[in-house]
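Novice: Residue numbering for the sequence shown follows my numbering, beginning at 1 and increasing consecutively.
Any given hint might turn out to be false.
Claimed, not checked - Simulated restraints, written as ranges between beta carbons of each label pair:
1. V275 / I185: 25 to 35 Å
2. G52 / D283: 42 to 52 Å
3. S56 / Y120: 40 to 50 Å
4. R35 / W279: 38 to 48 Å
5. W166 / A286: 35 to 45 Å
6. R156 / A53: 37 to 47 Å
7. D157 / I185: 35 to 45 Å
Calculated from the structure, these hints are not laboratory results. Beta carbons: idealized from backbone N, C-alpha and C, even for Gly.
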Amino acid sequence: MATAVRTPEADPVEAVEHPFEPADGWLTRTEWLSRTIYWGIHASVLLAFVTGAPRSALVLCAVTYAVRVFGITGGYHRYFAHKSFKTSRAFQFVLAVLGCSATQKGPLWWSGTHRRHHAYTDREGDPHSPRESFWYAHQGWIFDPNWGGTPREMIRDFARYPELEWLNRWHVLPPIALAVLCWAIGGFAGLVWGYAVSTVALWHATYCVNSVAHVWGTRRYDTPDTSRNNALVALLTFGEGWHNNHHHYQASARNGFRWWEIDLTYYVLRALAAVGVIWDLRDPPASVLAAGPADEAPRKAA
1 MATAVRTPEA DPVEAVEHPF EPADGWLTRT EWLSRTIYWG IHASVLLAFV TGAPRSALVL
61 CAVTYAVRVF GITGGYHRYF AHKSFKTSRA FQFVLAVLGC SATQKGPLWW SGTHRRHHAY
121 TDREGDPHSP RESFWYAHQG WIFDPNWGGT PREMIRDFAR YPELEWLNRW HVLPPIALAV
181 LCWAIGGFAG LVWGYAVSTV ALWHATYCVN SVAHVWGTRR YDTPDTSRNN ALVALLTFGE
241 GWHNNHHHYQ ASARNGFRWW EIDLTYYVLR ALAAVGVIWD LRDPPASVLA AGPADEAPRK
301 AA
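All chains should be built: construct the whole structure from the sequences, respecting the hints.
Specialist: Here is the structure:
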């Protein structure tokens, strides 16, 4: 198998110890309240049986899901965590707000924690390795106080922007604004479907990258971790399920390395680049793309 590419671009930080700061903002400091809200949003999905499924609410659900998936994949992940393209300071903030609206905390916390994952993948210090347990990797880790604060040493390049620091502290504001907007557009059904249902669906789609895509799927590259390419996860997350590709060459704006590996995030990024909103997209070099189908075999993590 091809071995993993380790480049400065692919590894934004070295694997060294950096203590986390205390959790950011009043919400994350109040652990019981944070958990209550988290599980309360899950429980509120049941209200869909009360509201029914009007077409307008389903459309709103699909739109808020799709836009926020891109906020996480194109914004938090490929831009803030891996710097796989460049953009203006204004659009950088737009990406941060879109990611924040997904109710997955602030941009500095998310991307800094993700950089730590790459620095320690499947070893001690990895916030969400499935070697701890499948369900810990899926969502249990988010309640672990070790990972509650922003690892600022991991994300100092973006921590210098005061607007990102402010948004990281007040990460609850975009989700609240989105919930109000959904109510204004579609009433109670709009709130339930446009915010609650789409948020829970997005949470677990994102979590599947950390859990499912480290347990089930194919391995094109012999990376020193358990990353897998999983087509179903890729469809749900607009390309993030091509996770073995990503762990092999992390700096790429493109996760789908074959024409048939659908990567909706990359297609949107290409469109944004075509109109000049972003630029300098990083693509994997030919040497990275050289591994062929003979290297791809379905596996399950031991």
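Novice: Evaluate the given range 35 to 45 Å for the C-beta pair formed by W166 and A286.
Specialist: holds, 42 Å
Novice: Hint says 25 to 35 Å; check whether the CB-CB distance for V275 and I185 agrees.
Specialist: Since the Cβ atoms of V275 and I185 sit about 27 Å apart, the hinted range of 25 to 35 Å holds.
Novice: Evaluate the given range 40 to 50 Å for the C-beta pair formed by S56 and Y120.
Specialist: Holds, at about 45 Å.
Novice: Is the distance from the Cβ of G52 to the Cβ of D283 consistent with 42 to 52 Å?
Specialist: holds, 45 Å
Novice: Can you let me know if the beta-carbon spacing of R35 and W279 is within 38 to 48 Å?
Specialist: holds, 41 Å
Novice: When you take the CB atoms of R156 and A53, is the distance between them in 37 to 47 Å?
Specialist: The hinted range 37 to 47 Å holds for R156 and A53, with Cβ atoms some 46 Å apart.
Novice: Does the beta carbon distance between D157 and I185 stay inside 35 to 45 Å, or does it fall outside?
Specialist: The hint (35 to 45 Å, Cβ to Cβ) holds, given that D157 and I185 are roughly 37 Å apart.
Hint violations for this structure: none, all hints satisfied.
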